[in-house]
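Engineer: Residue numbers (my numbering), protein chains in the order written: chain A, 15 to 325; chain B, 2 to 254.
The hints are simulated quantities; they were obtained by calculation from the structure and are not laboratory data.
Idealized CB from N, CA, C, for every residue including glycine.
Mixed in with the good hints there might be a few duds.
[Unchecked claim] Calculated cross-link-like contacts (lysine to aspartate or glutamate; reagent style EDC-like; alpha-carbon spacing at most 16 Å):
1) B:K86 <-> A:D213
2) B:K86 <-> A:D103
3) A:K199 <-> A:D184
4) B:K89 <-> A:E102
5) B:K89 <-> A:D220
[Unchecked claim] Reference listing, derived: stretches of chain A covered by chain B, where coverage requires no fewer than 3 residues with Cβ under 8 Å from a Cβ of chain B:
6) 64 to 76
7) 120 to 129
If you want the building blocks of each chain, they are given just below.
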Amino acid sequence: MSPDATMIIARGLTKRFEDRVAVAGIDIDVRAGEIFGFLGPNGAGKSSTMRMIGCVSPPSGGTLRILGMDAHREGPAIRARLGVVPQEDQLDWELTVRENLLVYARYFGISRSVARRRADELLEFVQLADRANEKVDALSGGMRRRLTIARALVNEPRIVLLDEPTTGLDPQARHLVWERLFRLKQRGVTLVLTTHYMDEAEQLCDRLVVMDGGSIVAEGSPRELLERYCTREVVELRFGLDAPLAELADKVTDLAERVEVLPDRLLLYVPDGDTTLPALHDRNLTPTSVLVRRGTLEDVFLHLTGRTLVD
Amino acid sequence: MSHPAFGALNYWFVQYRRTWRSSLFSTLIVPTFYLAGIGIGVGGYIDDDYAGVGYLAYLAPGLLAVSAVQTAVGEASWPVYGAIKFNKQYLPMLASPLRVIDIVLGHLGFILFQIVFSVLVFFLTMLLFGVPQSGWAPLAIVAGALTGMAVATPVYAAAANAKSDDTFTVLNRFGVIPMTLFSGVFFPVEQLPALIQPLAWASPLWHGTELARVWTLGMDSALFVPLHVAYLLVWAVVGFYLARTVLTRRLVV
Ligand SMILES: Nc1ncnc2c1ncn2[C@@H]1O[C@H](COP(=O)(O)OP(=O)(O)OP(=O)(O)O)[C@@H](O)[C@H]1O
Ligand SMILES: [Mg+2]
Numbered sequence: 015m016s017p018d019a020t021m022i023i024a025r026g027l028t029k030r031f032e033d034r035v036a037v038a039g040i041d042i043d044v045r046a047g048e049i050f051g052f053l054g055p056n057g058a059g060k061s062s063t064m065r066m067i068g069c070v071s072p073p074s075g076g077t078l079r080i081l082g083m084d085a086h087r088e089g090p091a092i093r094a095r096l097g098v099v100p101q102e103d104q105l106d107w108e109l110t111v112r113e114n115l116l117v118y119a120r121y122f123g124i125s126r127s128v129a130r131r132r133a134d135e136l137l138e139f140v141q142l143a144d145r146a147n148e149k150v151d152a153l154s155g156g157m158r159r160r161l162t163i164a165r166a167l168v169n170e171p172r173i174v175l176l177d178e179p180t181t182g183l184d185p186q187a188r189h190l191v192w193e194r195l196f197r198l199k200q201r202g203v204t205l206v207l208t209t210h211y212m213d214e215a216e217q218l219c220d221r222l223v224v225m226d227g228g229s230i231v232a233e234g235s236p237r238e239l240l241e242r243y244c245t246r247e248v249v250e251l252r253f254g255l256d257a258p259l260a261e262l263a264d265k266v267t268d269l270a271e272r273v274e275v276l277p278d279r280l281l282l283y284v285p286d287g288d289t290t291l292p293a294l295h296d297r298n299l300t301p302t303s304v305l306v307r308r309g310t311l312e313d314v315f316l317h318l319t320g321r322t323l324v325d
Numbered sequence: 002m003s004h005p006a007f008g009a010l011n012y013w014f015v016q017y018r019r020t021w022r023s024s025l026f027s028t029l030i031v032p033t034f035y036l037a038g039i040g041i042g043v044g045g046y047i048d049d050d051y052a053g054v055g056y057l058a059y060l061a062p063g064l065l066a067v068s069a070v071q072t073a074v075g076e077a078s079w080p081v082y083g084a085i086k087f088n089k090q091y092l093p094m095l096a097s098p099l100r101v102i103d104i105v106l107g108h109l110g111f112i113l114f115q116i117v118f119s120v121l122v123f124f125l126t127m128l129l130f131g132v133p134q135s136g137w138a139p140l141a142i143v144a145g146a147l148t149g150m151a152v153a154t155p156v157y158a159a160a161a162n163a164k165s166d167d168t169f170t171v172l173n174r175f176g177v178i179p180m181t182l183f184s185g186v187f188f189p190v191e192q193l194p195a196l197i198q199p200l201a202w203a204s205p206l207w208h209g210t211e212l213a214r215v216w217t218l219g220m221d222s223a224l225f226v227p228l229h230v231a232y233l234l235v236w237a238v239v240g241f242y243l244a245r246t247v248l249t250r251r252l253v254v
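Excised from the complex, chain A in its bound form (with noise of 0.2 Å):
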C-alpha cells in the first residue's frame, strides 16, 4: 500500500503512565479520504491515542506513521497538516471568536490576510458568522465546539482528529455536527472521530475499531461488526417482577443464537423475531411484555465490552 494511500500506520502503538498502560499496542491503518471511528468505554485508551496521532503524546512503544512521515522526528511537519478538535474545548475565553480563529492561524504562519478570510469562511461554515465578535465566554457549549471544529480546520488539514466532538450537543447541533463532517469528508479530507454514540458511529464511520483496555478487540465495517456480533433482530422478553431469569433463559436457549441475562429481561438474539413468538407460546412462556428490534452497533458495543462499568 503506497504511503499516500494510508494515511495513519501505527504497529504496536503502546502508551504507558508510569505503571499504568493506557494503550497496550494496537494495530491501525487509516485510509486516505474515509472516516474511521474509535468506540470505546470511559478509559479504554481512545484519547490517549488521539493524543498519539496528534504528536503530542509521545508514543511509550511501537512505531506510527502519519501522512508518510514518523510520528516522533517529524510533529512539526506532521502537526502542520493535522487539524485537531480535543476532548475538552481549549479555546480562549477572553478573545472573541474571531479572534481565537486567528491567533490559532498565526500557529500555522498563516498569513493575517489569509486568516481573516478564512475565519469569516469558517465562522459561516460552522454557523456561528453572528457570533464573531462575541467572547467565547457568551458562547453555549455547544457553539464552543462548533468553534473548535472551525479552528481545526483554519490550516485546511488533510487528516482532522476529532475526540468526542459531538458531546453535549443537542440533536440539531449534532446533526449540524455530522452535516459538516460530511462535507469535510466529500472534500477528500481524512477524518478520525471518537465517540460514545453509536448512532454516530455507524451514520459517519466506514470503518471503526472498538476499543477496551487499551486494546482493540474488534474492528471493520459497521455492517461487518453487526454482521458478526449480532443477529439481525433482538427479541426483549420481560417477565414479571421476581420472575426467576436464568431458569427461563434455559427454557429459550434453543431458540437463539445467543441468549442474555439482563436483571429486567432477557435478549434472544435471533435472525427473525417473528419465528421466535409463536415458539415462545409453544412453550407456555407468558412474557408481560415483548419487544421485537432490529440488533444495532450499541448491542455490538455491550456485547464486546461488557455491561459493567469498568472503572
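Let chain A serve as the given structure and place chain B with the ligands on it in line with the hints.
Structural biologist: Below, chain B with the ligands alone, put in the same frame as chain A:
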C-alpha cells in the same frame, strides 16, 4: 519565512491588547513615587555626596534595575503558571507546528517587551528628575533589559515546575525580597558583613545595578562592564534552557 515563535508571541500581544490599559497608569506613576519618596525624601537625610554623587543619583539606576526585576518576576510567574494550569494557552500551541522551544521563546519575547517598557518609563522618569549624567545613559535601558531577562528565564522555569502557588511565596520571600534589599541598590555591598558579600555578587540584580549605574553616571569601573553583561547573559541563557526542559517535561506527556 518568519520564525515560528512569532506565532506564539502574537498571541500574547493579542491578549495584551485587552488588558494594557488597566496596568498603564501604575506603570507610569510608580517610578515617580519611588524616586520622589526614597530618592528625595530619604536622600534629604543623607550626606549630599553619597558615594560621590548624591543619594538620588546613586539610587535611581539601581531602582531601574529593580523595576526590571519586578516586571520580570510578575510576568514570568503567574502568567506562566496560569498558562499551564488554568487557561491552558500552551495546549493549542502544542497542537500546532510550534515546538516547546518556540512556545517559550514567544512568551519570553513578550516578557522582554514588558520589561523594556517598564524600564523605558523608569528611564524617562529619571530624566525628569535630572539624574543621567553621561552620554551613555540610554544604555541603562539595555542594562535593565539584561537584568530582567536574567531573572525572567529562571523564574519561568520555576513557574513551569510549580505544583502549587507556594512556589511563588517562597520565591518572593527568599529570592526577590532579599535580592532587592542586598544587591547594592540602596547602599553599597561593601557595607554588608563580609560573609554575605559573595551572595550579593552572585545576584543578577547586583550586576544589573552596577551596569545601570556605570552607564547612567559615567563612573569609572567601565572595566567590569563586559563581565557584568556576560554574567547576566549566562543567567538568561541557562534559565532559558531550564525553562524549555521543565516545560517539555510538564506538557509533553
Ligand atoms: N496524563 C495522564 N496521566 C496518567 N494517566 C493518564 C493520563 N491520561 C490518561 N491516563 C489514563 O490512561 C487511561 C486511558 O485514558 P484515555 O483518556 O485515553 O481514555 P478514553 O478512552 O479517552 O476515555 P473517555 O471515554 O473517558 O474519554 C485511563 O486509565 C487514564 O486514567
Ligand atoms: Mg477520551
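Engineer: Does K86 (chain B) pair with D213 (chain A) here, judged by a C-alpha cut-off of 16 Å?
Structural biologist: 35 Å, violated
Engineer: Has the given pair, K199 (chain A) with D184 (chain A), been kept, meaning a C-alpha gap of at most 16 Å?
Structural biologist: 23 Å, violated
Engineer: Is K86 (chain B) close enough to D103 (chain A), meaning Cα to Cα at most 16 Å?
Structural biologist: This hinted pair holds, its Cα atoms lying about 15 Å apart.
Engineer: Quick one: see if chain B covers the region 120 to 129 of chain A, three-plus residues with Cβ-Cβ under 8 Å.
Structural biologist: Since three or more residues must qualify, the claim that chain B covers the region 120 to 129 of chain A holds, with 4 doing so at under 8 Å.
Engineer: Holds or violated: K89 (chain B) and D220 (chain A), Cα atoms, limit 16 Å.
Structural biologist: 34 Å, violated
Engineer: At a Cβ distance under 8 Å, does chain B reach at least three residues of the region 64 to 76 of chain A?
Structural biologist: Three-residue rule met by the region 64 to 76 of chain A, so holds; n is 4.
Engineer: Sort out whether E102 (chain A) lies within 16 Å of K89 (chain B), counting only the CA atoms.
Structural biologist: 11 Å, holds
Hints 1, 3, 5 from the list above are not met by this structure, while the remaining hints are.
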